[in-house]
Amino acid sequence: MQQQSDKKIKIVYIIGRLVIGGAEKQITETAARINRDIFDVRLYCLSEGGPLEAFVREHHIDTTIFESVRYTSFPSFVSYLLTRLKKFQALYRYLKREQPDIVHCYMFAPSIYGGIISRLTGHPILITNRRCLGLFKENKPLFQFLENMVNRFTDLVLVNSKALRDDVLQREKIDPQKVRIIYNGVNIQKFTPIPKDSESYALVSETKQKLGIPNNDGIIVGMLATLFPYKGHRDFITAASIVHRTYPKIWFVCVGADRGIREELQQLGHHLGLSSHLIFPGEFQDAAEILPVFDIQVSASCEEGFSNAILEGMASGIPMITTDVGGTPEAVQHEVTGLLVPPKDPEKLALAMMSLIENPECASRLGMNGRKRVESRFSMEEMIHSLEHVYMELYETQKHA
1 MQQQSDKKIK IVYIIGRLVI GGAEKQITET AARINRDIFD VRLYCLSEGG
51 PLEAFVREHH IDTTIFESVR YTSFPSFVSY LLTRLKKFQA LYRYLKREQP
101 DIVHCYMFAP SIYGGIISRL TGHPILITNR RCLGLFKENK PLFQFLENMV
151 NRFTDLVLVN SKALRDDVLQ REKIDPQKVR IIYNGVNIQK FTPIPKDSES
201 YALVSETKQK LGIPNNDGII VGMLATLFPY KGHRDFITAA SIVHRTYPKI
251 WFVCVGADRG IREELQQLGH HLGLSSHLIF PGEFQDAAEI LPVFDIQVSA
301 SCEEGFSNAI LEGMASGIPM ITTDVGGTPE AVQHEVTGLL VPPKDPEKLA
351 LAMMSLIENP ECASRLGMNG RKRVESRFSM EEMIHSLEHV YMELYETQKH
401 A
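Take the sequence shown: its letter number 375 is residue 375 in full-length UniProt numbering, and every next letter is one higher.
Read the hints as simulated data drawn from the structure, not as lab findings. None of the values given here were measured: they were computed from a predicted structure. The C-beta atom is built at its ideal place from N, Cα and C for all residues, glycine as well. Hints are supplied without guarantee of correctness; some may be wrong.
Here are the computed distance ranges between Cβ atoms for each label pair [claimed, not checked]:
(1) 257 <-> 89: 55 to 63 Å
(2) 276 <-> 368: 31 to 39 Å
(3) 181 <-> 207: 30 to 38 Å
(4) 88 <-> 385: 30 to 38 Å
(5) 88 <-> 399: 24 to 32 Å
(6) 392 <-> 276: 53 to 61 Å
Computed cross-link-like contacts, DSS-like style, restricted to lysine-lysine with a CA-CA straight-line distance of at most 30 Å [claimed, not checked]:
(7) 178 <-> 87
(8) 87 <-> 137
(9) 96 <-> 372
(10) 190 <-> 173
(11) 190 <-> 178
(12) 178 <-> 96
(13) 372 <-> 190
(14) 178 <-> 140
Produce the entire structure from the sequences given, and follow the hints as far as they go.
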């Protein structure tokens, strides 16, 4: 890719926080890996920092984090409005000063703030992202109004699956030509199968010990998902209890940050007689540390755009069982690269788990096929190459307009 002039194309990425999440990991990895000879990248966080601050420092990504101000002396509604006004003002000053060529916003709130303020600060190229289905906007007409308003002056909306593109075109007022698919990508060098007879497997054994699982003590079935209700942990635990009756040595691990439901899930596990083999280790900053522990990985979501956790598990060679929702079938092909089950159906989820427990050769084949599919379709290199192409295309079009 050649840039004709010496001027680098300045890109500002706008995101909410630097927590351990799919979008957050995607945007920081992109900022770290993009061609710095062509692009000058900046990162702006609307709300707060988080664990990924260490990553952006390590990769020398110019990052600005909005420092929230709490107006405790005012009523809550007034405080809310003042905080939003301060946030708007800070981002306006930032974009006015930086004068980027491209503003690329991830998630809903950054797209609204970034979209409106970009319009007021010099008309840079505006790209917004959709990372999840628009179910959260149902019965919230203001949300859809704001998104439709920003769509009028957005140059491109990027989605990460065909299912998400269909959802955007159904819910939003937007020219279909403005909506383009770029699939998520994962680091296939970092997420890779670790044979049990390799020296590297010693680190996996250490992680098992940290979890309190003895080596060689049964199969481990895991979920890698933030503890939100829609991620389907209740269905996973219910299915696990069914499996546990037949295979009492199986361990079940729910990895992810708690968003207020952990205690409820633990109580459910206790009620179903699963407590001794159900573990909630919390959040792992590096998913590559915990995924090799899993013999089988489950995604039980009720809704999904296109899950990074699924791709990371597939890249790691782990046999996948996922719900047939959103863009998931675009990655997981039933009985080829994994097993698909209906959402909210613990009985069928349990049957799928037991089928892989009872057929290790089938599980191994699904894992190997999943790895090959990620290598060919969903690598980080492929995603960044596609993004760079989009940036250059839009930049050249605007320059010659």
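(request) Check each numbered hint against the structure and report the violated ones by number, ascending. (result) 1, 9, 10 and 11
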